[in-house]
Every structure is written in structure tokens, then in C-alpha cells.
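**Q** Once you have looked at the hints, place chain B on chain A.
These protein sequences, in sequence, are chains A and B.
Using our numbering, the first residue of the first sequence is number 1, and each one after it goes up by one.
Using our numbering, the first residue of the second sequence is number 111, and each one after it goes up by one.
Don't read these hints as lab results, they were simulated from the structure.
These numbers come from a predicted model, not from an experiment.
Keep in mind that a hint or two might mislead.
Said to hold, decoys possible - Here's a subset of chain A near chain B, in silico, CB distances under 8 Å, partners left out:
1) L44
2) Q45
3) L46
4) R49
5) Y86
6) N96
7) K97
8) L98
9) F100
10) G101
11) T102
12) G103
Backbone N, C-alpha and C fix where the C-beta goes; we use that ideal spot for every residue, glycine too.
What follows is the residue order along each chain.
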Amino acid sequence: AQRVTQPEKLLSVFKGAPVELKCNYSYSGSPELFWYVQYSRQRLQLLLRHISRESIKGFTADLNKGETSFHLKKPFAQEEDSAMYYCALKLTGGGNKLTFGTGTQLKVEL
Amino acid sequence: GAVVSQHPSWVICKSGTSVKIECRSLDFQATTMFWYRQFPKQSLMLMATSNEGSKATYEQGVEKDKFLINHASLTLSTLTVTSAHPEDSSFYICSVRGSNQPQHFGDGTRLSIL
Chain A
1 AQRVTQPEKL LSVFKGAPVE LKCNYSYSGS PELFWYVQYS RQRLQLLLRH ISRESIKGFT
61 ADLNKGETSF HLKKPFAQEE DSAMYYCALK LTGGGNKLTF GTGTQLKVEL
Chain B
111 GAVVSQHPSW VICKSGTSVK IECRSLDFQA TTMFWYRQFP KQSLMLMATS NEGSKATYEQ
171 GVEKDKFLIN HASLTLSTLT VTSAHPEDSS FYICSVRGSN QPQHFGDGTR LSIL
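If we strip away everything but chain A, and leave its shape as in the complex, we get:
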């Protein structure tokens, strides 16, 4: 069965420091991966998806099929990056269902 693992519940970094939020997945098919972000008191929203290969708000994520990882990175953290981040896996041919990781709370301190 498919699974998404985010090993860190909380990640605390200082402003200006690099950030890496880890995500590993297990899936026998061809995965499509996403990062969603939830800012305080706001709805869950799409941050980026691996097929777009884009940088959003300075964040990037590369799919590494060998390591089955999709880590989210940003070279210099900003205070407004503090939020809850969820990694999600979409099953191909699975009715577009998403399987979410347990989420990582990112806290950027001054």
C-alpha cells in the first residue's frame, strides 16, 4: 500500500538559515508528489508539485526515485514561512486520491 512519511513533526530554524523538510514515500506505481502548506488559521493550499519543477516562494522539491524522496528545500528561511507543511502522494489511476503525510510544523525564529 502507498504511504507517505514525514519524519519530523517540528522543525525549528533561524531566519536566513537553510530549510529542508523531509518526505519519503512508498508506492509501487509511478508517483505524483505534492507539497501542501497550511498557514495559521488558513486553509490547506498547494505549494508545489513535482511535475511542474517550479520554485514557489523560494521553495523547491526534487523527486528522487532512487531514494523515494521528495524533500522540500529553501536556501534562506523567512519568518513568513512558518506554517504546517504536508507532503502528499497521488496515485496514478487511483481516482486522483491523495495520501498525506503526517505533516511537519516549520517554525522560523528571528
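**A** Here is chain B on its own, set in the frame of chain A:
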């Protein structure tokens, strides 16, 4: 602006009551709507997937008679928690998806059963 409207945002009711939660797609026709449940400090768990005009597909372990889903139009889906009990207290979130669109999420509904 918001793509998905979910209502109500918070409801408190007595045990045994049935509660209806609405999810509306504001900007596009939602071919598929999803209902999730989230317990405190835990991830979103998919409950069911609904396509307009057809019966919802429930995930394993989700009681379809307990959580009634109606997707009568391309812009509206409802989740009714029937005869709610305290263990049904949770955060319920809907998401919508149109053709070639990623999922857009609602603000969620916090359900508290006394």
C-alpha cells in the same frame, strides 16, 4: 480568492443529532469532491470520494451509513454525519477538483459533539 466554500465552519451539537456540512466549488465545475477527516495533530485521512451524479466511494473503515455524502451538482457536495456521537468530533475538510486541476481545499468544519 477562495475557490471552495465550506459551511459551517464550526458546529456544536448534542449527541444523537445529525449534522450536515456543505462544500461548494466557487470557481469551476468540480468533477470530483473529496471529504477528509483530521484529528488533532494528525494528518488528513480521506473518508470518501464523490463524483457528481454517482454514489460516493468510501475508504476502508468509513461507515457509509454514518457519513452520508450527496454530490447532486457540479458545485455542491454535502456530508451528513448521522446520529453523531462524541467520537465523531473532529475536523472535516472537503476538497474539489476539476478537469486538469489540482485539489483545492475548503477551510474545514470543526464538529464538536457533546
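**Q** Holds or violated: is the Cβ of R49(A) closer than 8 Å to a Cβ in chain B?
**A** 7 Å, holds
**Q** Would you settle whether the hint for Q45(A) is holds or violated, based on the nearest Cβ-Cβ distance to chain B being less than 8 Å?
**A** Q45(A) check passes; min Cβ-Cβ to chain B is 7 Å, inside 8 Å.
**Q** The hint names G103(A) as touching chain B; please verify it with the least Cβ-Cβ distance against 8 Å.
**A** 6 Å, holds
**Q** Hint check: is the beta carbon of N96(A) less than 8 Å from a beta carbon of chain B?
**A** 6 Å, holds
**Q** How about L98(A): closest beta carbon in chain B under 8 Å, or not?
**A** 6 Å, holds
**Q** Given L44(A) was flagged as interface, is its beta-carbon under 8 Å from a beta-carbon of chain B?
**A** Cβ of L44(A) sits 4 Å from chain B, so the hint holds.
**Q** Under 8 Å, Cβ to Cβ, is where G101(A) needs to be relative to chain B, so tell me if that hint holds or is violated.
**A** 6 Å, holds
**Q** Is the hint on T102(A) kept, meaning its closest Cβ partner in chain B is under 8 Å away?
**A** It holds, given that the least Cβ distance between T102(A) and chain B is near 4 Å, below 8 Å.
**Q** Under 8 Å, Cβ to Cβ, is where F100(A) needs to be relative to chain B, so tell me if that hint holds or is violated.
**A** Given a least distance of 5 Å, the restraint on F100(A) holds.
**Q** If you take the shortest Cβ to Cβ gap from L46(A) to chain B, is it below 8 Å?
**A** 5 Å, holds
**Q** Tell me if the interface restraint on Y86(A) is satisfied: Cβ within less than 8 Å of some Cβ in chain B.
**A** Status holds, d = 7 Å.
**Q** Given K97(A) as an interface hint, is the shortest Cβ-Cβ distance to chain B below 8 Å?
**A** Given a least distance of 6 Å, the restraint on K97(A) holds.
Consistency with the previously given hints is maintained throughout, with no hint failing.
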